Amino acid sequence: MKTSQKMGAGLGLKAEHYEHALDCTASGLWFEVHPENYMVDGGPRLAWLEAIGSQHPLSLHGVSLSLAADCPPDMAHLQRLKVLADRVQPTLMSEHLAWSTWRGQYHPDLMPFPRSHEALQRIVDNIDCTQNILGRRIAIENPTHYLKLDGHDWSELDFLTELSDRTGCGLLLDVNNVFISAHNQDFNAAGYLDAFPAHAVMEIHLAGHTPDPGDSSLLIDSHDSPVSDAVWSLYQRLIKRIGPRPTLIERDDQIPAFDELIIERNRAQSVLDTHRHLQRETA
Amino acid sequence: MNLSLAGFQDAFISALYGKDPESLPVLTEQSGFLVYRNTVMKGASDALLANFPTVERLVGTEWLQAAAARYVRQFPPTDARLLNYGKGFPDFLDAFEHARDLPYLGNVARIDLLWNEAHGAKDEPALDVTAFAAIEPELLASVRLKLRATARWKWFAEQPAYTLWRCNREQIDVPAELDWVSEGVLISRSTTFIAWYPLSIGECAFLDACAANLPLEDAAEYATRAEPELDLMNMLSRLIAANVFAAQ
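Just so you know, the sequences run in chain order V and U. Terminal number for the first sequence in this note's numbering: 283, no gaps in between. Terminal number for the second sequence in this note's numbering: 248, no gaps in between.
Same shape as in the complex, but just chain V (with noise of 0.2 angstroms):
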């Protein structure tokens, strides 16, 4: 079994990337891709994901589990994320605290729901679900918020706490997403991050985000821009207080050269080795 010890900073794996994440030896490199994008039986994309995980450590962080639609599974999407996952052997596997597939459709985004009593029973079956058919435990990210819902029943940390309790599964700590909902919602992203259960984070993801290009005054979590320095600062401050822990530069639009990923994802890097090195002085 690998093990996320030496998984440092990562980078969401581009295809137009493939050949310079196979030979890219920095320490503490991996990747991760959206599983859904590898589902296929054989060809060019499925060998160079195999390539590339033979070189680095790989996860595989779904978008369309839908673990908080009001039903179970999609059993034949959980089948193909279980060979996809024998195939590649991820060392970590994740999704998110959301829905988008509903009734038969599948709607591509991370959908909110009022965080009542009844979606927590819903979700705890479903990740039970997940890890049992898996045989693993996964991680479960915040999702971005742009929406305030009524009938919430308990806060979303409360929420991501209870989940990993009832369950065993981890989280995936999105810090971006927290400046962002913060912003849209009015909350503190620091004092959020203060009281996100340290114990339970398994990833951390960072990306980039614009104002809304409408006329609100949103932020939206466009994934198409460097991490911002408010987001930076956020990291560092939640790494000094948990440790090091495998860290994601996610960027999915206007992707820019992967030597400028690379050394987005070096800051990352340093990072963690700053507080790895700390950690051992104190020890």
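These are calculated hints, taken from the structure and not from any lab test. Treat the hints loosely; a few may be bogus.
As the list claims (entries may be wrong) - Here are the simulated DSS-like cross-link-like pairs (lysine-lysine), alpha carbons at most 25 angstroms apart as the crow flies: (1) U:LYS154 to V:LYS14; (2) U:LYS154 to U:LYS122; (3) U:LYS87 to U:LYS154; (4) U:LYS42 to U:LYS19; (5) V:LYS82 to V:LYS14; (6) V:LYS6 to V:LYS82; (7) U:LYS87 to U:LYS122; (8) V:LYS6 to V:LYS148; (9) U:LYS19 to V:LYS148; (10) U:LYS154 to V:LYS82; (11) U:LYS122 to U:LYS146; (12) U:LYS42 to V:LYS148; (13) V:LYS14 to U:LYS19; (14) U:LYS87 to U:LYS42.
Note that this is a predicted model, so its numbers are computed, not measured.
With chain V fixed as given, assemble chain U onto it according to the hints.
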């Protein structure tokens, strides 16, 4: 808003697609709701554009985005594997009122679909010419050639769909004097490389017969019935070289 989780999700989807203006006004009145609507529509539309690159080259990004927006509303994805989204898009284009001047667009989209299918199909070793030559001559007539999943072909009656597809795919000029004739296409992947070839009607009939698990003798008969002047040996070497058959 005291909806059950399922009730909330039904109402959210209804509002997302604008089907029920009364759905969740407390949400739809917030500007954040547009973020979800835009992301869902853009996600499906971007997938469609990625899956039909040759159609995009032919009609331009803006035109295709407009067509995709209508298709997405009518036929939202039913599978999270967006690589497979748009199986019905060629039929949609055939019937699309704004594509009436482009009657070949649906077939060009069909060839893009064949390309996608070949790209993600199962890997299996190909029959090479040495292995084929080693088949005992007296057994040849009864051999059933198995096709690799990486080989896809189609015949287009009364349309030079392959030429139109190929010129746009390879970004070369469509011949000024294009003969408006029937054409066939073969898309075949080796381990990592996808190639495309023109296919005659006899060759299409031959591959159809092999796919139906008919022995070589019968497949050859179907082929020559469809195209009496077909050179069978030449066809076989062409198809073997194109990695169409699975190793026996």
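### Query
What hints, given by number in increasing order, does this structure fail?
Hints 1, 8, 10, 13 are the ones this structure does not satisfy, whereas the remaining hints hold.
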